[in-house]
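Sequences listed follow chains A and B, in order. Position 62 (the first sequence) corresponds to 62 in the numbering used here; numbering is contiguous. Position 40 (the second sequence) corresponds to 40 in the numbering used here; numbering is contiguous.
Mixed in with the good hints there might be a few duds.
[Stated by the list, open to error] Derived Cβ-Cβ restraints for the label pairs, each shown as a range:
hint : chain 1 : residue 1 : chain 2 : residue 2 : range
1    : A       : R180      : B       : D53       : 20 to 30 Å
2    : B       : L176      : A       : R34       : 50 to 60 Å
3    : B       : D53       : A       : L124      : 25 to 35 Å
4    : B       : E68       : A       : A59       : 16 to 26 Å
5    : B       : P19       : A       : T22       : 43 to 53 Å
6    : B       : A56       : A       : T22       : 43 to 53 Å
7    : A       : K104      : B       : P19       : 43 to 53 Å
[As the list claims (entries may be wrong)] Residues from chain A that keep clear of chain B, each with C-beta distances beyond 12 Å, as calculated:
hint : residue
8    : A61
9    : E62
10   : F79
11   : N82
12   : N95
13   : Y98
14   : K104
15   : E161
[As the list claims (entries may be wrong)] DMTMM-like cross-link-like pairs, simulated, lysine to aspartate or glutamate; straight-line CA separation at most 20 Å:
hint : chain 1 : residue 1 : chain 2 : residue 2
16   : A       : K179      : B       : D7
17   : A       : K179      : B       : E34
18   : A       : K125      : B       : E51
19   : A       : K179      : B       : E68
20   : A       : K125      : B       : E68
21   : A       : K133      : B       : D7
22   : A       : K71       : B       : E131
23   : A       : K179      : B       : E51
24   : A       : K133      : B       : E68
What the hints contain is simulated information worked out from the structure, not anything from laboratory work. Idealized CB from N, CA, C, for every residue including glycine.
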Amino acid sequence: MVWEIGLPLPFAASLPEHPTETELAEACRRGQVRAFEHLYRVHSARMKSLAFHLLGSRADAEDTVQEAFLKVCRAARGFEGNSSLSTWIYRILINCCYDAIRKKQRLAENAAPAEFRAESNVTLKVALERALKALNERQRMVFLLFEVEGLRHSEIAAILEVPEGTSRSWLFEAKCQLKRMLTEAPK
Amino acid sequence: MKFECGDLERALANSDLFPEAREHLKSCAVCRREYRLWSEISSVARELHEEWDTPALWPSIRQAIEAERKPERIWWKQRKTWAAAAALVIAIVVPVGLWRHSVATAPPARTPAATTPTATRQTPTPDFLTEQALREVEKSEAAYRQSIAKLSQLAAPKLSTQSSPEVANEKERLALLDSAIAETRASVASNRFNIRLQTALADLYRQKQETLRDVLSHDAKN
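This is chain B alone, in the form it adopts within the complex:
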């Protein structure tokens, strides 16, 4: 095969020039110049590698890494985590308690025997809880009280240090709720099986819990 100038580019695609190309370069100045430039591009390219000192770069990267990791480290100290956990406990315990209570107090299916006057007398009236339902309601109340205690603890610093109108409102609302809770609890103590009192108490607890969560969420926004 006769090597011509037009073949040079194809020949350069191989790292080693084949013998015909080498022979051609000996006799062709134009191709020789092209070949020299081809080789020079690679050698000059090495000089393009840019190096400069950046003593502050790694410390800055490290600082950024640590700043990103910090929230992960103290997740268990965050108020949001506790507030979410408390809300989750309540979201699970209360509906389960109420459901069990409704199952326990539901009127029995009508059977011929149930229509007799004796059977009618034995069915609990819908205004009063059974022993088992009462236990469930008291368990829910304990969970409420526990989560409220935790939320109160988290909200206390803000309530005691800030005096914005928003905080003042929330403090007032909490005071009202506390007094209503105390009153209702006193009534419940003398009438534990009363559904209406227990429901009113649960509702007050829910309101207090929501108010405390509002306090914390304002805190998070600020």
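With the rest of the complex left out, here is chain A:
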């Protein structure tokens, strides 16, 4: 008999091609791999990009996305739907990234802290990428989610579990800080 994660195939309800949030959440709760595959198709590009900016390497980003999906699968049965699935997934991914960062920091305790020096001969994109590393955690996170990944403040607020106004304010702080760093004369 062919099995679909705990259920013989005839008992595993099929997932529509474009499932609603409720259908998807229910399929995830039942542990259907196709539901997780759907989530992967929809969110993985953004998840990889976010993890890349937080961790600094594609390999680490891929490992962390994988870890996040495994955690999503393990916890899906208990997903209560208090937030949207995507919010929940990003929250898990961000926690996985922080875990990975802590692990990396332990491995390289003597590494110098991120420091930004504006350079006249680099493009704005490269300079911005470097300046981002010098932002504090919350500013960088909001900037990445809003400006780089295009999430709305309402979504970011739900992911970070802060009021929407706080998300806006952290973004403003981040941009002010970046602007200052980008206009600073190189030392």
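With the hints as your guide, set chain B onto chain A.
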């Protein structure tokens, strides 16, 4: 209100610049440059979105998911599950049987009538079981035998295929226990109501069950 250069940052907090700020930008090159950079940060940030192909990532995630789920799928095939179930049955049935047996064979409370010679003769001697207690003991024995049969079945592959000194010891111990059980059962068959024989038999069953569990637990560790 007169808009000054120092007000620009506050003005940028709103997504739309208010008219005074716009007017100021027309006449102030420094603020104009700052404002252009502010807008550019957002547009360049979009370019930071990183995309690359990872054809192996989903198959790897799927494989990891399935590997994690596999033990859940075959829980009912696991030896540990059966061993735990057998231990649970014994842990419940044996104490209940022994308790009922002790209740059934306990000496009656002393009453004036019980002190008469007739009453003393009617009280069963503590070395023999009553009919009801015997039924309970036989029920416990059946449960023991059933769980031992299950454990023996689970342990059989290891006992027949491995030849380590540990396994050899356990095989020898099991053989000794089997012969002692057979002997005691023969005695019990001719003296079913004897408490000492029944207790000795129960003790042998318990030892055999523990030995089989040891075999399985070594198996799990290996």
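Verify the proposed pairing of K133(A) with E68(B), using a straight-line Cα cut of 20 Å. violated (36 Å)
Quick check: does the Cβ-Cβ distance between P19(B) and T22(A) fall within 43 to 53 Å? 46 Å Cβ-Cβ, so the 43 to 53 Å window holds.
Status of N82(A), Cβ more than 12 Å from any chain B Cβ: N82(A) clear of chain B: closest Cβ-Cβ about 24 Å, beyond 12 Å.
Closest CB-CB distance from E62(A) to chain B, is it above 12 Å? violated (6 Å)
Should the hint that D53(B) and L124(A) are 25 to 35 Å apart at their CB atoms be regarded as holding? With Cβ atoms ~27 Å apart, the hint holds.
Does E161(A) sit more than 12 Å from chain B, CB to CB? The assertion about E161(A) holds, with a minimum of 23 Å to chain B.
Beyond 12 Å from every chain B Cβ - status for K104(A): holds (18 Å)
Is the gap between the beta carbons of L176(B) and R34(A) within 50 to 60 Å? 56 Å Cβ-Cβ, so the 50 to 60 Å window holds.
Beyond 12 Å from every chain B Cβ: check whether that's true for Y98(A). holds (19 Å)
Is F79(A) truly not at the interface, in the sense that its beta carbon sits beyond 12 Å from all beta carbons of chain B? holds (15 Å)
Can we confirm that no CB of chain B comes within 12 Å of the CB of A61(A)? Contrary to the label, A61(A) does not stay out of reach of chain B, its closest Cβ about 8 Å off (not over 12 Å).
Taking 20 to 30 Å as the stated bounds, is the beta-carbon spacing between R180(A) and D53(B) within them? Hint violated: Cβ distance 37 Å, outside 20 to 30 Å.
Going through the hint list in order, the structure does not satisfy hints 1, 6, 8, 9, 19, 20, 21, 22, 23 and 24.
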